[in-house]
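*Asks:* Letter by letter, the chains look like this.
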Amino acid sequence: MSGASYAIHRRVHEDWDLLSAFLDGELAADERRAVEEHLGACAGCRAELDGLRRVASHLRRLERAAPPPVLADRVARRVAVDARRPGLLTRLEAVLRRMRLESPTLVTFGVVVALAAIAALFVSGVEDSDRVRREGAELVQGSAAGSGPSTPRERLRVTTAVVHGRTFTRVGSIWREAHLDPDAAAAARRLPMDDPEARALLDAAPRLRDLLAGSEGVVLEDGAGRIVRIEP
Amino acid sequence: MAAPAVSDRALAERHRIGDPEAFAEIYRAYEEMVFNLALRLAGDRERAADLSQEIFLRIYRHLDGFRGRSSLKTWIYRVAVNHCRSRLRRRALVFERLAPRRSPGLEDEDPLENLADPRRSPEERALAGDAERVLQAALDELPAAFREAVVLRDVEDLSYEEIAEVLGVRIGTVRSRIARGRRRLAERLRESES
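Protein chains in written order, with the numbering used here: chain A, 429 to 660; chain B, 25 to 218.
No lab work stands behind these hints: they were computed from the structure. Accuracy of the hints is not assured; some may be wrong.
Negatives, chain A to chain B, calculated, CB over 10 Å [to be verified]:
1. A449
2. R474
3. R618
4. L619
5. S643
Covered by chain B, per the in silico footprint, the following chain A stretches (three or more residues, Cβ under 8 Å) [as the list claims (entries may be wrong)]:
6. 462-473
7. 495-503
Note that the coordinates shown come from a computational prediction; the quantities given were computed from them, not determined experimentally. Glycine included, C-beta positions come from ideal geometry on N, C-alpha and C.
Generate the whole structure from the sequences, applying the supplied hints.
*Replies:* What follows is the structure, encoded as C-alpha cells:
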C-alpha cells in the first residue's frame with residue numbers, strides 16, 4: 429500500500445462521518461471512491477456501516493402517527509383568541525409611540541400613563557380570556573350541532589389520518605378506512621368498544637382509540653377481512 | 025432545496041391581509057408533519073400535541089413575516105424545531121432526568137424487525153408498538169442536537185442541504201451530527217439486544 433493510499437484508508441477508518449454520509453449518498457465523488465475502496469479492505473468498517481444502515485432503516489420504518497383529532501379544535505380556539513387580541517408587545521409599542529410624541533416635560537406623566545395602560549392590558553386580558561372560554565364552548569357546541577364549514581374548527585379539520593399504517597378518511601363524524609367501499613362500510617357490523625372483539629382490535633392497534641375519541645365510530649377491515657364499525 | 029413556490033408567498037400574503045382560509049390550508053397541509061416531528065423530538069404523544077398546538081400558534085403569529093427566502097415547508101420545520109428545542113430544554117432544566125429510560129426487554133432476537141407494516145396482522149402490529157418504544161427510548165437519550173439532525177434525516181427524509189437550512193448550520197455540521205447520532209443509536213440498540 430502506497431503512502432497516499434494508506435493515508436486515505438486511515439482517514440476513512442477514523443472519520444466515521446464519512447461512512448454515515450456515504451450511506452446517504454452525500455459524499456463527493458472522490459470521497460465516495462475512497463470509502464468504497466476502504467470498505468473492500470476493512471471488515472470493521474463494513475460492520476460499522478451495517479450498524480448505521482440498520483439504524484437508518486429502522487427509523488424510516490417508524491410509523492407515522494395520526495395527530496389526535498382534538499388538536500385541530502385546540503389550535504382553532506387558540507388562534508381565535510389571538511385573532512381578537514393584539515399582542516402585548518404591539519400594545520406596549522403603541523403606548524411608547526404615543527409617549528414619544530409628547531414633550532420631554534411630559535415624560536414622567538407619560539410613564540404613569542404607560543404603567544396605567546399596562547395594568548389595563550392585564551385587566552382586559554382577563555376579560556379576553558373569559559370571553560374566549562365562552563366562545564370556545566360555543567365553537568364546540570356549534571360543531572356538535574352540525575354547523576357549516578365556516579367555523580375555525582371546521583376549517584382546520586383534517587380529513588385523513590394514518591393509524592398503524594392504515595389510512596382513514598373522515599366522513600361526517602365517522603372515520604372510515606380509505607379503501608373500503610362506502611356501501612360496504614355503511615353495512616358494517618357494529619361493535620361497541622367494550623365488546624371483546626372490539627377490545628381485541630383496539631389492543632392490537634391502540635391508536636384507533638385516538639380516532640374514536642373525536643368521532644362517533646371507526647369503520648375498518650379486521651384481520652379476517654370482515655368490515656366492522658367500532659363505536660365509542 | 026427547491027426554490028420556494030409562489031403559492032407559499034401567496035399563502036403568507038393572504039394570511040397577512042386577513043384571509044382565515046390561508047392558515048387553515050397550512051394547518052391541513054402540515055399538521056401531520058408538525059405532530060410527527062414533535063413526537064419524535066419529545067418522545068410522547070401528549071407532549072407532542074401540546075408542542076404542536078404551540079407551534080401552530082407561532083406559525084399563525086409569524087406567518088406574515090415569511091418572506092419566501094426558503095420554502096414554507098422549511099420555514100415551518102425551522103419554527104417547529106426551534107420551538108421544540110426551547111420548550112424541551114426548559115423542561116429538562118425543571119425536571120432533571122433521574123436516569124436514562126430503560127427500554128422494555130423483548131424476547132425477539134431483533135425487536136426492531138417488528139416495526140409497523142400495514143400488511144401485518146393486528147397481533148404483529150402490537151409487537152411493532154414495543155419495537156417502536158425501544159427505538160424512541162434510544163432517540164430520547166440522544167443530545168438534542170443529534171436527535172434533531174437524525175430525525176430530520178431518517179424520519180423526515182430531508183437532504184443534508186435542507187437540514188442545514190432548517191437548523192441554520194453548515195452542511196459539515198449536519199453530517200457530523202447525523203453520524204454521531206446514528207452511531208450512538210447503533211450502540212444503544214446493540215445493548216438492548218444483548
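*Asks:* Hey, is S643(A) genuinely clear of chain B, shortest beta carbon separation above 10 Å?
*Replies:* Correct as stated: the minimum Cβ-Cβ distance to chain B is 16 Å, above 10 Å.
*Asks:* Verify that the Cβ of R474(A) lies farther than 10 Å from every Cβ atom of chain B, and report whether the claim holds or is violated.
*Replies:* 14 Å, holds
*Asks:* Classify the label on A449(A) as holds or violated, using whether its beta-carbon is more than 10 Å from each beta-carbon of chain B.
*Replies:* 5 Å, violated
*Asks:* Hey, does R618(A) actually stay past 10 Å from chain B on C-beta?
*Replies:* Its Cβ never comes within 10 Å of chain B, the nearest being 19 Å, so this holds.
*Asks:* Between the stretch 495-503 of chain A and chain B, are there enough contacts, at least three residues with CB-CB distance under 8 Å, for the coverage claim to hold?
*Replies:* holds (count 7)
*Asks:* Mind verifying the non-interface call on L619(A)? Its CB should be farther than 10 Å from each CB in chain B.
*Replies:* L619(A) clear of chain B: closest Cβ-Cβ about 14 Å, beyond 10 Å.
*Asks:* Cut-off 8 Å, C-beta pairs, minimum 3 residues; does the coverage of the stretch 462-473 of chain A by chain B stand?
*Replies:* violated (count 0)
In this structure, the earlier hints numbered 1 and 6 are contradicted, and the remaining ones agree with it.
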